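Sequences listed follow chains A and B, in order.
Read in order, the letters of the first sequence are residues 1 to 424 in the working numbering.
Read in order, the letters of the second sequence are residues 1 to 197 in the working numbering.
These are calculated hints, taken from the structure and not from any lab test.
One or more hints might be untrue.
Unchecked claim - Across the chosen pairs, the derived CB separations fall in these ranges:
#, chain 1, residue 1, chain 2, residue 2, range
1, A, Asp34, B, Pro167, 36 to 42 Å
2, B, Pro167, A, Gly263, 28 to 34 Å
3, A, Arg249, B, Pro167, 43 to 49 Å
4, A, Leu17, B, Val19, 34 to 40 Å
Bear in mind the structure is a predicted one, so any value in this text is a computation, not a measurement.
Even for Gly, the Cβ is constructed at its ideal location relative to N, Cα and C.
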Amino acid sequence: MRVPVPLRRRPVLVLLLPAVPLLILVSQASRTSDPLPGSWTWTVAHSVLLLIVPAAVASTGAALEASRLRTRRAENVVNTRSPTIVLLSAIWPSYAAGLLLQTGAIGLVAATAWGGSSAVPAGLLGAIAALLAFHLAAGFLLGSLLRPVHAAPLALAFSYCWLGFTGAVDWFAPRHLAGLVLESCCFYDEQPHGLAIAAAAAFSLFATSAFLSASAGLLGLLGEPRAALLGLPSLLLVLAVSLGLLLARPLGSTATQPRDTAGLDCSGTRIAVCLYPEQLASGDPRQRIEAMVLRLPAALGLPARVLASRGPATAEGLTLRYVPGMTDLQIAAALASGVQGDQLLQCSEPTARTIAREQVGDALRGWLTQRMAPSAGGESGMEPTAAALLAAVLRLPDDGQLRWASAASASLRDCAIVPPDRLS
Amino acid sequence: MSFALRAHGFRRAVLIQLVLAALGVSVGGMTLPFPSLGGTGTAGLPVPVLTALAGSIVLAGPSAAAWPAARTNGVRSASATLIAVLGLTIGPTALLCGAVALLLPGAAAADHLGVLAWMLALQLAVGTWISARHQAMGPAVYVLLCALLGRSGSVVQPWAWPLADVPSEWALVFGLTALALALACLARFGLHLASTP
Numbered sequence: 001m002r003v004p005v006p007l008r009r010r011p012v013l014v015l016l017l018p019a020v021p022l023l024i025l026v027s028q029a030s031r032t033s034d035p036l037p038g039s040w041t042w043t044v045a046h047s048v049l050l051l052i053v054p055a056a057v058a059s060t061g062a063a064l065e066a067s068r069l070r071t072r073r074a075e076n077v078v079n080t081r082s083p084t085i086v087l088l089s090a091i092w093p094s095y096a097a098g099l100l101l102q103t104g105a106i107g108l109v110a111a112t113a114w115g116g117s118s119a120v121p122a123g124l125l126g127a128i129a130a131l132l133a134f135h136l137a138a139g140f141l142l143g144s145l146l147r148p149v150h151a152a153p154l155a156l157a158f159s160y161c162w163l164g165f166t167g168a169v170d171w172f173a174p175r176h177l178a179g180l181v182l183e184s185c186c187f188y189d190e191q192p193h194g195l196a197i198a199a200a201a202a203f204s205l206f207a208t209s210a211f212l213s214a215s216a217g218l219l220g221l222l223g224e225p226r227a228a229l230l231g232l233p234s235l236l237l238v239l240a241v242s243l244g245l246l247l248a249r250p251l252g253s254t255a256t257q258p259r260d261t262a263g264l265d266c267s268g269t270r271i272a273v274c275l276y277p278e279q280l281a282s283g284d285p286r287q288r289i290e291a292m293v294l295r296l297p298a299a300l301g302l303p304a305r306v307l308a309s310r311g312p313a314t315a316e317g318l319t320l321r322y323v324p325g326m327t328d329l330q331i332a333a334a335l336a337s338g339v340q341g342d343q344l345l346q347c348s349e350p351t352a353r354t355i356a357r358e359q360v361g362d363a364l365r366g367w368l369t370q371r372m373a374p375s376a377g378g379e380s381g382m383e384p385t386a387a388a389l390l391a392a393v394l395r396l397p398d399d400g401q402l403r404w405a406s407a408a409s410a411s412l413r414d415c416a417i418v419p420p421d422r423l424s
Numbered sequence: 001m002s003f004a005l006r007a008h009g010f011r012r013a014v015l016i017q018l019v020l021a022a023l024g025v026s027v028g029g030m031t032l033p034f035p036s037l038g039g040t041g042t043a044g045l046p047v048p049v050l051t052a053l054a055g056s057i058v059l060a061g062p063s064a065a066a067w068p069a070a071r072t073n074g075v076r077s078a079s080a081t082l083i084a085v086l087g088l089t090i091g092p093t094a095l096l097c098g099a100v101a102l103l104l105p106g107a108a109a110a111d112h113l114g115v116l117a118w119m120l121a122l123q124l125a126v127g128t129w130i131s132a133r134h135q136a137m138g139p140a141v142y143v144l145l146c147a148l149l150g151r152s153g154s155v156v157q158p159w160a161w162p163l164a165d166v167p168s169e170w171a172l173v174f175g176l177t178a179l180a181l182a183l184a185c186l187a188r189f190g191l192h193l194a195s196t197p
């Protein structure tokens, strides 16, 4: 009976050496969005972007392992060990290396967003494990088909192309099969879409079974080398694609769905400020937020509630895109955007008036920000014309400012209302 | 040399090279959408980069197979044979690209040839210093790095020059210079045979 290859001679160990610095490089390069502290869902989902490296290692390592078995096809046919044991013995180091690197990827993401007591998203972790298995099986199949000189680079290229190309095409369903779209999950008011997780996991697991059974046939582990190319593997692959596309059909371009608002934790005396527990992990800002909102003039209409959400203000209350660690100025600016609404009014009117409306909108947001956080300083990044308009408004007496703000707010909601100038 | 040409699939490689060159030249201006971590969304990979990558990978198998199984006194002649066979394999592609470049100055013929030479140089460098069997990993990893990290905003990193819109003559000079250096190393040291598995 053949002695299993010892761990120290597994090719994936060599691949780990360049993979670790590459993972760190990719992690640094992908650190573009603001981290969401306290949310394990966001941390695990964001680590999916780094799956490119663990998947490449698992795929290439498996291709090299399969190449080793491929050179011994004649021995495989008469092997007394179970084909399953032989396959598992060949693939486990590559799979373990992929999982290890992905754990490192989660750690790298968590380093920027540590803390909190949210639950670990088991579904997302399961989907990631299934995605890695798919890449591993694809590499193993390539190694069973081709010589290592071609199989290893093609396994690497396939792994990246599958993740990358599907994410770049306009047909959304393959994105959910490839799984990279899970990276788009989730702000605090969102949760992973169950169908997105199910589509990625189901497709990956059935395709993995197809590729591994085809590989077992090609490598002579099932006795007859060529017969296994058709039959069961083809059936499994068709099932994988059909089931995956069926599950992914109702999904859009992202893998998120709104989170149940029952999880909101509300507090406040005159205005209820509602945040999710993860947003409260590093300190409770609700009193601060309530005080800011109460500084708004009642003439503009005080909201009954402030809700943690990225969406536009609703009848339920004002929305706030709150991330732990935000300064007073940032909170005030986010609240001001909520008061004003993110949707720019589309009016059929002369360009000059549209520009004036936009400038009034910018100035109103700056005015609201200063009103809510007077000690935090002015909002930066405003266009010079809007900044000049804001400065002029701030020189007006208090009732003049209020009149201007009311008129400006109205002009942003109704095309028939002319945007006010600074003297009104 | 004629045995090497016949026995290790170099003739088939010539045909594949010509097809890839035709593809690379005919759709040279096209980019395929691949996500870039440092760039602006899906900046894309130019088609000549992918055809050149495929061209170099095609040559990896015959090159490794044509090399003697052990380092012997015949290493020098083996190097000369391999270099000559590689030259004969790429020769028709070079002629095709040269002809297209003369007839259609705007086509991406020189780009394809320059990038192919650069990829082959990387492949031979890996084959000489790391592993003959896994030499094709050199250009494959390079293209992966280019796709992922080759852009910073809208700027292409200097090391990822095949992604940039460099003048054709510069692509050709840079690629051929690198290939000449790689061939010199190959002639001096031969392919590296110790590898796993």
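A quick look at each hint next to the structure:
1. Asp34/A to Pro167/B: 36 to 42 Å: Given range 36 to 42 Å: holds, Cβ gap about 40 Å.
2. Pro167/B to Gly263/A: 28 to 34 Å: violated, 59 Å
3. Arg249/A to Pro167/B: 43 to 49 Å: holds, 47 Å
4. Leu17/A to Val19/B: 34 to 40 Å: holds, 36 Å
Figure legend: structure checked against the earlier numbered hints; the only hint not met is number 2.
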